Each structure stands twice: as structure tokens, then as C-alpha cells.
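**Student:** Sequence:
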Amino acid sequence: MGKSAPKRRRRRWILLAASLSLLLAALDQRLTTTTYRLACPKLRQPVCMLLLTDLHSSHFGEGQRRLVERIDRERPDLILLVGDIYEVKRPEGPVVDLLEAISPRYPCYFVTGNHEACSARLGEILALFDQYGVRTLAGEGLAVEVGEQRLYLCGIDDPAIPGGNRHQLEAALAAREEGLYTVLMAHRPERFADYAAHPIDLVAAGHAHGGQWRIPLLLDGLYAPNQGFFPDYTSGVHVLEGTSMVVGRGVYLEERVVPRIFNRPEVVVIRLEPEA
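Numbering (my numbering), first residue to last: 1112 to 1387.
Hints may contain errors.
20 Å max Cα-Cα, derived SDA-like pairs, lysine to any residue [to be verified]:
id	residue 1	residue 2
1	Lys-1153	Glu-1352
2	Lys-1153	Tyr-1292
3	Lys-1200	Ala-1231
If you're looking for bench data, these hints aren't it; they were derived computationally from the structure. For clarity, every value in this text was computed on a predicted model and none was experimentally measured.
Construct all of the structure, not just a fragment, from the sequences and the given hints.
**Tutor:** Structure follows, in C-alpha cells:
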């Protein structure tokens, strides 16, 4: 009997330590970087795109240092800001700091998310991005030079934009040249079937917040806006009818009652590689 009590106490301490470790891992909000590599026969040279979505004006140290360091580490050819970067309920300082740091060094493009599109301050938000030389794509596209090649980059507003975005996708593709690798920036991933019905090679999306609660190897997200419970598109690479879609989990720091679980703020790197 005397020996069994210390063993029980030891097991309890081990169980407590394991539980605390699991809890800390589940609630970890340190930045992480996820890299996806896609084979692209239309390209002659590699292209590195960095996807940032759902920042919601989160703060990552003075001058956004922790976030900017991760961006600089990748040296992207293009930065895609795929909506909900600006949160009107928070100070705009973190967004200003980010734009000041990245816009002089990298070509940056932006599309609205639902938080910008629904805001009464939409005009001010768009003016801020324009002030820092960030190109907003709202039902339009352009040929972008990367090295000695071109690709077609286009974008659409979030559907919540005043007047809606019903005809923006067709307008965004109107100037597309046949044969150019085509990238669409669109905040909402649940409309993937609509995107894939058009001549688009890659969609960059966000909005789903990684499904909020994740369980490694078991659950790829419990709930996502506009998809409901057990959503299909919360993160990663998805392919439909020859179109690929990369969904970012979002780079925001959770400050709500419902935390992110096993769902760290994520910087997404998309490396487009010519087929050998």
C-alpha cells in the first residue's frame, strides 16, 4: 500500500503535465509559415507569392516586426492581401505599420473581405491602401511581370460590397491574355465552384479562419463563416476542374471569447514551379 500512493501521485503529476502541455499547444498563437509548392507548366521560371489574409488589424510587435521578419525571410515576388486586413473595431496602427514596411519592397495587391466591404469607412480604408501604393483589385486584372515572364493577376470584392460583386468575376477576367497563368484573389473560399468554372489556374482565398477549432489528423476545422459546421474549405490546397485554390487560415491574433484551437496565425507561401 505504501508504495502505491507515490506511484499514483507520480501518475497524476505526469497526467497534469501532459494536460498542460496539450493545452499550451492547443492555444499557441505564435506565427507559423506554411509553404505550398504547385507545378505550373505555363511558367518558365519559379514565382513566389505570399498570401496574407484576415489580419483584422492584429499587432505583432513594434512595427509589426515578427510578421515582417517572416515576410522578409521568404523574399516574395508578390504579396497578396486577401481581405479582412483592416478591422474598424481596432486601431489602424498595425495595418499602417505593415503597409509601411512591405509596400516599398514588394509589389502588394489587395481585395476586400467582408469586414472592409461592410464598413461605413470603406472609402477611407481603400484610400489608406492606395496611399501606400497597394493596388486594390475590384473586378479587374492586369498582367504582372515576374522576372522574364508574365502572369495574369485579378481580384474581386467580397460579395458584401455595396451593390454586390455579381459581375465582377467576368470583368476581372476580361483583359486576360490566352496562355498566361491566371491567379484570382477572392476572400471567400466557399465559392470555389464558381471560380473553377472560369479559366483560372489558382485562387488565393481566406475568410474561413482555419475552421477555428482544429484537431491534428482528425478535424480540419469545426466551423467556418458561410460554410457552417465541418466546412470543406478551411486551409490548404484544393483542386476542382483543373483550378487550384489555396486557403489561408488567417494571420489574426484571437481576442474573442471563443479561441483558436490548434490553429496558429498563418503566413502562407505559394511557390509556383515550372514543370521539369
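**Student:** Are the hints correct? Go through all of them and say.
**Tutor:** Each hint, compared with the structure:
At most 20 Å may separate the alpha-carbon atoms for a hinted pair to count; Lys-1153 and Glu-1352 meet this at roughly 17 Å. At roughly 6 Å between alpha-carbon atoms, Lys-1153 and Tyr-1292 fall within 20 Å of each other, so this suggested pair holds. For the given pair, Lys-1200 sits about 12 Å from Ala-1231 by alpha-carbon distance, which is consistent with the 20 Å threshold.
Every hint from the earlier list agrees with this structure, and none is contradicted.
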